[in-house]
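S.K.: Chain by chain, the residues run as shown.
Number of protein chains: 2
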Amino acid sequence: MTQQATQEPLYVGLAGMGTVGGGLIQLLQEDKDLIYRRTGRRIVLRKVLVRNVTPERAAQLPEGCELTTDMAALTDDPQIDVVVELMGGTGAAHALISRALEHGKHIVTANKALLAEDSEALFDLARTNNCLLRYEGSVAGAIPIVGTLTDPLAGNHIVSLMGILNGTSNYILSEMTTNGMDFDGALRQAQELGYAEADPTLDVDGFDAAHKLTLLIRLAFGLDYPFASMPVQGIRGMDKRDIAMAREFGYRIKLIAEARLHNEADGTTRLEAGVFPALVHHSFLMARVGGVYNAIRLDGAPSGPIFLHGRGAGALPTASVVLSDLLAIARGDKPNNTGFANRIVRAAIVPPEEWRSRYYVRVMVHDESGVLRDLAGCMAAENISMAQVIQKENEKNVVPLVFMTHETTAQAMTRALQKVHETGILQTAPVYYRII
Amino acid sequence: MTQQATQEPLYVGLAGMGTVGGGLIQLLQEDKDLIYRRTGRRIVLRKVLVRNVTPERAAQLPEGCELTTDMAALTDDPQIDVVVELMGGTGAAHALISRALEHGKHIVTANKALLAEDSEALFDLARTNNCLLRYEGSVAGAIPIVGTLTDPLAGNHIVSLMGILNGTSNYILSEMTTNGMDFDGALRQAQELGYAEADPTLDVDGFDAAHKLTLLIRLAFGLDYPFASMPVQGIRGMDKRDIAMAREFGYRIKLIAEARLHNEADGTTRLEAGVFPALVHHSFLMARVGGVYNAIRLDGAPSGPIFLHGRGAGALPTASVVLSDLLAIARGDKPNNTGFANRIVRAAIVPPEEWRSRYYVRVMVHDESGVLRDLAGCMAAENISMAQVIQKENEKNVVPLVFMTHETTAQAMTRALQKVHETGILQTAPVYYRII
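Protein chains in written order, with the UniProt record's numbering: chain A, 1 to 436; chain B, 1 to 436.
The following block holds chain A by itself, in its conformation from the complex:
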């Protein structure tokens, strides 16, 4: 290994010094032995791009590394081999990565929003310039899903995938399930513990999970599902009654990201994908994903189902897979940025109204005779058959009536609930979730 041991160090420029960036700086200093054992080279941090240069930040840097506020000082520096983008956001990050690729730098990023919303040009640039564009940290933290899909499972046909991809939402749902908290209380607790941002929109409204799902769809199927078209429903305002009712039926409510290939009769394929809360039977491994953990299930042919579970976020876990991406570049891996040789193609999309599923439905009705008959009649008119019904007694006049249906389409369910609405028996809007 003399040959490798005498190799030049790999020179790195880092953009962004937030929690993950700070974690990477720490790992690069602590893990010199690991890096050398894994690659036979050293990794040297030359420059860090920040918005403001402060003495506190400068103190965290290794010797010989300097802070800069000038993007070009990173992207154009001939002595930098790799630019690590951990600044987040989309505009400036896109400009930085483009310019770095134009200068022939390899890229490591964990920026799921950028990659999901606007990365086609970046992947093209990386291909043209024969650069690596690696992003293991952008999906599900330390769960090794990007590398798994681009390499050991590349010989499989992935036919569907399903995941719990947002740790914040899963924490909130777990607390609501285990401790009977309501949504607002569980969100506040997540914020106090640092699991949720002050503005929790990206997490609880499902957009973070949808960003990650967009990346997984490309990696698994080689298809592009435009992020703007992705159906996304989050968990904001989830009623703890539904979580309790689901439990009585033997289910947990989880925020699920799902994508599924449909082979149509005419030989074409269409993709069904989206993010939504759903009931998952307690006997499934997916139902047992607790707290801030993430999990992904891949269904491949001929591999069968593969399930991966781990921490979905956190500064050091994410920094550690960013480091793994740097190790791959230090080893001299060839670009395999998307897992496919050519540009991925636009997916033909199954519109959400065609999705088939069993449903959990809760309606609030007056506790009167005839209500169940009217409800069942509206369902039957759309060929929806009810599998199980629970009607709870209540001291009040308005009671929840909960039922689970056999499989139907989203369209039929919407129409049936519209008919129920027209009967005038509903006291509040109906709540309904898919069952997995």
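Incorrect hints may appear among the rest.
Any copy, or any two copies together, can satisfy a pair, since identical chains are not distinguished.
[What the hints assert, rightly or not] With a cut-off of at most 25 Å between alpha-carbon atoms, the simulated SDA-like pairs for lysine to any residue come out as follows: (1) 32 <-> 263; (2) 32 <-> 58; (3) 392 <-> 430; (4) 419 <-> 382.
These are calculated hints, taken from the structure and not from any lab test.
Fit chain B to the supplied structure of chain A, relying on the hints for placement.
M.R.: Leaving out everything else, chain B in the frame of chain A:
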């Protein structure tokens, strides 16, 4: 991608046409589109080495591919880029791979016995000749564990790993647990279903799991644990009473392969590793691995725990990851055969008598007063404290007395049970398993 699209095909020679070899031939014919999408190249099977050339075998081959019984026709053919070894066994496979590497061929194999018992020279040869030696199919079938450890988790320090690595044993234990079968009946059923060989030694006596554990230890820690020194205990003759008793305590009995790094006070590290039946608490994901499935849990710093679950065997699932290895070679990946830049080093070993664990113990005793006192006295003499005791009433005079201990060493447990033996209260040899 014109550049890649006009690349030469990758030419492959295959040794062995058993179930996995036959599966690979099938996938290479069915998956031409997948292969081209993933690599921009074609993969062409040129020759297949078999012991006997038969018309039935010849009929399974693609056009232009020929059968041969001459090893050198594969290893020395300048028109073959990669030799895929799926013949099994150690002697002939070792000779074949050595000779192919000497001729500069890349290697793909799923031969865990060969890699575990005698592969140091092969990895050295691959390094010297700058060849890829890939073996994703050798551990846990379609679970992508080799690639996970060499790439996306390379930036982590794996501190321990644990797995259910033998599907046959797990099937037998699952049947004994779920259906109350005894060991012989469950083994016979596994044989009838094709999950167990006529000679089940490798599976039920733990050697297959130990082969895989040996490979995982190298990949996770960069350490060599000589296979011949590995402590291995299988499940042959497991008593269904112990499975039922374990359930009463809230545990499942699983055949566990485990490896754990110990950081010693003097700054050195030692490795504790082995294969053994153990009690796993039902709330752990590992306890929920059923039937012929496999699972692996990796504990890394800073990644935290990562859990992977999937089919551990099967002709097509294994062939599909063999195909993934071929895709990596077709992409022109650089050798990263062990995940480390230099030769891996010999592990310092924690001898089994020093292992610390909680224990499940079952002894058969006469149903007399004083027996529990004598037993507890022997345990106390070795500083072993008993956490829970179950004594069952029985119509016979000899009854099972089952207890779980707090943590102790294997050595203390052996000595305590020797003392119990000397009291004369034991009617049969004691049964004891570790608790995880």
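S.K.: With reference to the structure, classify each hint as holding or not holding.
M.R.: The hints, checked one at a time:
In this homomeric assembly, residue 32 and residue 263 come within 25 Å of each other (Cα to Cα) only across copies, at 18 Å, whereas the closest approach inside a single copy is 49 Å. Taking the shortest alpha-carbon separations for residue 32 and residue 58, only the intra-copy value of 20 Å comes in at or below 25 Å, while the best inter-copy value is 54 Å. In this assembly of identical chains, the alpha carbons of residue 392 and residue 430 lie at most 25 Å apart only when taken from the same copy (16 Å versus 54 Å across copies). Taking identical chains as interchangeable, the C-alpha atoms of residue 419 and residue 382 lie at most 25 Å apart only when both belong to the same chain, with a minimum of 10 Å there against 74 Å between chains.
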